[in-house]
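So the chains spell out like this:
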Amino acid sequence: MNGAKPKLALYWAAACGGCEIAVVNLQERFLELAAHFELVFCPCLIDAKKKDVEALPERGIALTLFNGAIRTDENAEMARLLRAKSELLVAFGSCATEGCVPGLANLGSRGEILRSAYRDGITTVNPDGVLPGRETAVPEGCLRLPGLLERLLTLRDVAAVDYFIPGCPPEPARVWEVLETVIQGKPLPPPGSTIGAGGQAVCQECPRQKDPDKKIERFLRLWQVAPDSVRCLLDQGVVCMGIATRNGCGALCPRVNMPCTGCYGTPEGVLDQGARMVAALGSIVDVEQIRGVPEDQLPGRADELFAGIADPAGTFYKYSLAASLLKGSR
Amino acid sequence: MTQRITIDPITRLEGHGRIEIFLDAAGNVANTYFQVPELRGFEQFCVGRHAEDMPVITNRICGVCPEAHHLASAKALDALFGVEPPPAARKIRELLYMAFFVTDHTTHFYALGGPDFIVGPDAPPAERNILGVIRKVGLDAGKAVIACRARNHHVIQLLGGRGIHPVAGVPGGWSTSVTEAQRAEIAAIARQNLDFALFSLRLFETIVLKNPVYRDLVTSDVYLHRTYSMGTVDAQNRVNFYDGTIRVVDPEGAEFANYHPRDYAEHIAERVEPWTYLKVPYLKKVGWKGYVDGADSGVYAATPLSRLNVSDAMPTPRAQEQFEAIHAAFGSARRGGRFVPIHHRLATHWARLIELLYAAERMIELAEDPEITSPEVRRIPEGVVGGGVGIGSVEAPRGTLTHHYVSDERGVLRQVNLIVGTTNNYAPMTMSIRRAAERLITAGRIVEEGLLNRIEMAFRLYDPCLSCATHALPGTMPLRVLIRDCGGAIVKELRR
Numbered sequence: 001m002n003g004a005k006p007k008l009a010l011y012w013a014a015a016c017g018g019c020e021i022a023v024v025n026l027q028e029r030f031l032e033l034a035a036h037f038e039l040v041f042c043p044c045l046i047d048a049k050k051k052d053v054e055a056l057p058e059r060g061i062a063l064t065l066f067n068g069a070i071r072t073d074e075n076a077e078m079a080r081l082l083r084a085k086s087e088l089l090v091a092f093g094s095c096a097t098e099g100c101v102p103g104l105a106n107l108g109s110r111g112e113i114l115r116s117a118y119r120d121g122i123t124t125v126n127p128d129g130v131l132p133g134r135e136t137a138v139p140e141g142c143l144r145l146p147g148l149l150e151r152l153l154t155l156r157d158v159a160a161v162d163y164f165i166p167g168c169p170p171e172p173a174r175v176w177e178v179l180e181t182v183i184q185g186k187p188l189p190p191p192g193s194t195i196g197a198g199g200q201a202v203c204q205e206c207p208r209q210k211d212p213d214k215k216i217e218r219f220l221r222l223w224q225v226a227p228d229s230v231r232c233l234l235d236q237g238v239v240c241m242g243i244a245t246r247n248g249c250g251a252l253c254p255r256v257n258m259p260c261t262g263c264y265g266t267p268e269g270v271l272d273q274g275a276r277m278v279a280a281l282g283s284i285v286d287v288e289q290i291r292g293v294p295e296d297q298l299p300g301r302a303d304e305l306f307a308g309i310a311d312p313a314g315t316f317y318k319y320s321l322a323a324s325l326l327k328g329s330r
Numbered sequence: 001m002t003q004r005i006t007i008d009p010i011t012r013l014e015g016h017g018r019i020e021i022f023l024d025a026a027g028n029v030a031n032t033y034f035q036v037p038e039l040r041g042f043e044q045f046c047v048g049r050h051a052e053d054m055p056v057i058t059n060r061i062c063g064v065c066p067e068a069h070h071l072a073s074a075k076a077l078d079a080l081f082g083v084e085p086p087p088a089a090r091k092i093r094e095l096l097y098m099a100f101f102v103t104d105h106t107t108h109f110y111a112l113g114g115p116d117f118i119v120g121p122d123a124p125p126a127e128r129n130i131l132g133v134i135r136k137v138g139l140d141a142g143k144a145v146i147a148c149r150a151r152n153h154h155v156i157q158l159l160g161g162r163g164i165h166p167v168a169g170v171p172g173g174w175s176t177s178v179t180e181a182q183r184a185e186i187a188a189i190a191r192q193n194l195d196f197a198l199f200s201l202r203l204f205e206t207i208v209l210k211n212p213v214y215r216d217l218v219t220s221d222v223y224l225h226r227t228y229s230m231g232t233v234d235a236q237n238r239v240n241f242y243d244g245t246i247r248v249v250d251p252e253g254a255e256f257a258n259y260h261p262r263d264y265a266e267h268i269a270e271r272v273e274p275w276t277y278l279k280v281p282y283l284k285k286v287g288w289k290g291y292v293d294g295a296d297s298g299v300y301a302a303t304p305l306s307r308l309n310v311s312d313a314m315p316t317p318r319a320q321e322q323f324e325a326i327h328a329a330f331g332s333a334r335r336g337g338r339f340v341p342i343h344h345r346l347a348t349h350w351a352r353l354i355e356l357l358y359a360a361e362r363m364i365e366l367a368e369d370p371e372i373t374s375p376e377v378r379r380i381p382e383g384v385v386g387g388g389v390g391i392g393s394v395e396a397p398r399g400t401l402t403h404h405y406v407s408d409e410r411g412v413l414r415q416v417n418l419i420v421g422t423t424n425n426y427a428p429m430t431m432s433i434r435r436a437a438e439r440l441i442t443a444g445r446i447v448e449e450g451l452l453n454r455i456e457m458a459f460r461l462y463d464p465c466l467s468c469a470t471h472a473l474p475g476t477m478p479l480r481v482l483i484r485d486c487g488g489a490i491v492k493e494l495r496r
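Protein chains in written order, with our numbering: chain A, 1 to 330; chain B, 1 to 496.
Hints are supplied without guarantee of correctness; some may be wrong.
[Said to hold, decoys possible] Straight-line C-alpha distance at most 25 Å; calculated DMTMM-like pairs for lysine to aspartate or glutamate:
id	chain 1	residue 1	chain 2	residue 2
1	B	Lys143	A	Glu32
2	B	Lys289	A	Glu140
3	B	Lys143	A	Glu177
4	B	Lys136	A	Glu32
5	B	Lys136	A	Glu38
6	B	Lys143	A	Asp120
7	B	Lys289	A	Asp120
[Stated by the list, open to error] Under 8 Å between C-beta atoms, here's a sample of chain B residues computed to sit facing chain A:
id	residue
8	Val29
9	Tyr33
10	Glu43
11	Gly48
12	Val56
13	Cys62
14	Val64
15	Ala144
16	Arg149
17	Val170
18	Asp263
19	Trp275
20	Thr276
21	Val280
22	Val412
Think of the hints as simulated: they come from the structure by calculation, not from any bench.
Every residue, glycine too, gets a C-beta built ideally from N, C-alpha and C.
With the hints as constraints, model all of the structure from the sequences given.
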C-alpha cells in the first residue's frame, strides 16, 4: 500500500538539470529512494500534474526537494504551491539556495536580457524588433508565456525554506547522507540549517600544502598559469575561492589543478561570500612590495597587483550574487 | 467552432514546454505551436566575465550535457587566445567526451525514447518508463544500464574533476594529466561500454526491427520530414563529435555546405517569434520560408540521424557495419560517395545507438593510445590574439553546439553568442509535432491516450534538451491535454 509511505516531490524551476542528474547519479540508491518514498510529483518522472499537487492536503508531502532559481512568475507560483503542500521544503542546490550562475543576471536588467538575446544576438535576424511577450495574438487565438521577473530571486525570497542543500550541483554522496537521515527517521538539525555539507571552508578538505606565511605579490588569471599540483593555489597567486566556500564537496576542483570557484556557497556563520573572500585576500597581499613606492605610483602598482581580477563580481560572487548583501548592481 | 488543445507542461527544458494545437471548424488541425516558456539570459550575464571562466559558467546552461558546453567553450578559448592544445590534451578532452556520449545516449534509449518501443507505444502509461523497461528486459539488464551510467560518470570525474559540471578545460589544453593507472582503468571501462553498446543494438533489433508493427510505425509518414541535415565531419567526411568541419546536405543528399565552425554566422541565422523564448535557427543562405519541408526551406535538423545523413562513413569498424545496416533497412542506395539521407525521423533512435557504438569504439582507441598519459597537457598563451574573437564547436548529443566569444584585450567578454544543440531542432520539432497532430486528430476524432503518446514520440525522438531533466529521469512524459472552446472554456480534459 503506497499510502503508507511518506510522499516525496522533486521540482525544478530556473535551473540546468544538473540537480536532477545528481539525484539520478545516486545510481542504485535511486531505486532505494523510490522504495522508501511515494514519489507524488516530479514532472519528468511521473504523471502527476500541478492540479494533483493542488488536490493534496496542506503539508501532505513529507519532503520536497526544490531546485532552480525564481526567474519567472510561474517559478514563483510553483514555489508557493509546493511550500503550502510540503512538510519540509528544501532548497536543493545552488540556484534555489543562492541563485547560482544565473543570478549574475542581476548585474543587469530584465530589458538587457531581452535585448542581448533577441535584438543584439550575432546570428539573430530580427528587423522588426520582435520580443517574446506575455500574450501574443496569432490567427488562431492567443498564446501566453510566463513573465520574466525584473530580477532573479532565490527560493527563500518567495517561500519559507526549512533546509538548504548547497552545491552546483550537490554531490550525490552528500545528497544520499541527507536522504538516509530522513529515511531512517533520525533527527535533523534546527530548521533553517544548511545540510548535506560541512560547516567549514573547502580548504579543510583540500590536500594542497598551505604556507601560512605566504604573501601574494600579484594575482594571476587562470589562463596565465599552470599551477604546480602540490602547493596551495592561492599561494601561487590563483584566486581559489576555497577559503570563502563551505566544505562538503571534497575539494574536487583543486584535486585536478583548478581553483575552487565557490559553488557550495558561504561557510557557516558567513553572510556574504564575496566580502569574506575580499577580506581574506586583503590579509595575504604582500604589502611589503609597495612600501616606499612613491604615492603617485601607488595606483599603478595596485592595478598590477589586481590585474588578475578583472571581473570581481564574477570571481567572488559567481554563485551567490542573488543572495549576497549586494544583490546585484541596482 | 474553433477548438484549442493545450499540452502543458511538457517539462523538457528548465521545467516547462507547452504545445498549443488549434482545430478548425471541421475539427482538423489548423495550426500548432511549440512554446518554450523559459529564459535565463546567459548571453547577457556572460558579458563582463573573465573569458577563461566560460567553461565553468556555460556548464550551467545544461546539467545534462555540461561536457558539451565545457568542451565547446574550451575550444572557443583556444581560438580566442590563439593556442593549440598539446596532442594529449586534445585526446583527453575527446576521451571524456566519448564517456559522456555513452552515458547520455544510454539514458535516452533506456529511460526516455526506448520505453515507447521496448514497452510499447500503446502500453499502459504507468508501464512506459524505465521501470517498465526493466520489467520487460529483466533486472540484470536494468542494472547494466545503471552500471553503464555510473562507470562513465566516474570517468568524467576522473578526467574532468567532477561527475557533473567538469572543470578541467582551459585555454590551450587541460588542467591535469592522466596517470597510467587511470588510463588502464578507463580502457577497461571502455571495453565494457563496447559490450553494452552491442547488447543495446541487439535489443533494438530483437524488439523493434523484428516487430512488423514497429517497423510500420518507424517507416510511416507520420514521422517523415525532408529537410536539410547538419553535422560535424572529419577530413574524410566521417562522423566526429569533438572536432571537424560542419557539413550540411540537402534533402536529396547533395552537399550544400562544408564550413569551418568559425564561419557559422555566415550559414546560420536565428528568427525571433513573439510566442516563445527560444529562437528558431535556419540556414541563412536558403532563408526562412516557414515551418515547411524541402530544399527551398531553410529548416535543417541536427540530430544523430542528421549526423549519419551528412557522413560518408563511420570512423570505426563496428559502427560502420551498423551504418550499412540502417541504410539497407530503409532502402537507401549509395549515390555518389554516400547514402541517400534517411528522413524517417523515428530512425533517429537507431542512429543514436549507432553513435553509442561509435563512442564506445572511439573511447577504446583513445584509452589505448599511449600518448594520452603524456604530462604535456597545456600550453600557456601569451594573451588574447587577433580581434579578440573565439569560436568553438562540438557535436552535442542533440546537435551542433557553437560558442562564440568576443573579448577585450584583457580577455574580458564583451559579447557572447550561443547556438545550443537542441535549438537547431526547434523548427523540425515544431513540424514533427504538427505532422503527428494532423495525422492523428482528424475531423474531431480524438485518439485519446494513444494520441498523447504519439505526439510525445514526435518530439521525444529528437531527445530535446528543452528540459535538461528530460535526460535525467525515467521518462514518462506527463501530459495533460485540454480541449477548449473559443472562449477558453475547457470542453474536455485528457491526461495520463
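Hints versus structure:
no.: 1; hint: B:Lys143 - A:Glu32; in the structure: 13 Å, holds
no.: 2; hint: B:Lys289 - A:Glu140; in the structure: 20 Å, holds
no.: 3; hint: B:Lys143 - A:Glu177; in the structure: 22 Å, holds
no.: 4; hint: B:Lys136 - A:Glu32; in the structure: 20 Å, holds
no.: 5; hint: B:Lys136 - A:Glu38; in the structure: 22 Å, holds
no.: 6; hint: B:Lys143 - A:Asp120; in the structure: 48 Å, violated
no.: 7; hint: B:Lys289 - A:Asp120; in the structure: 23 Å, holds
no.: 8; hint: Val29; in the structure: 10 Å, violated
no.: 9; hint: Tyr33; in the structure: 6 Å, holds
no.: 10; hint: Glu43; in the structure: 5 Å, holds
no.: 11; hint: Gly48; in the structure: 6 Å, holds
no.: 12; hint: Val56; in the structure: 6 Å, holds
no.: 13; hint: Cys62; in the structure: 5 Å, holds
no.: 14; hint: Val64; in the structure: 5 Å, holds
no.: 15; hint: Ala144; in the structure: 12 Å, violated
no.: 16; hint: Arg149; in the structure: 7 Å, holds
no.: 17; hint: Val170; in the structure: 7 Å, holds
no.: 18; hint: Asp263; in the structure: 12 Å, violated
no.: 19; hint: Trp275; in the structure: 4 Å, holds
no.: 20; hint: Thr276; in the structure: 6 Å, holds
no.: 21; hint: Val280; in the structure: 10 Å, violated
no.: 22; hint: Val412; in the structure: 5 Å, holds
Checked against the numbered hints listed earlier, the structure breaks hints 6, 8, 15, 18, 21; every other hint is satisfied.
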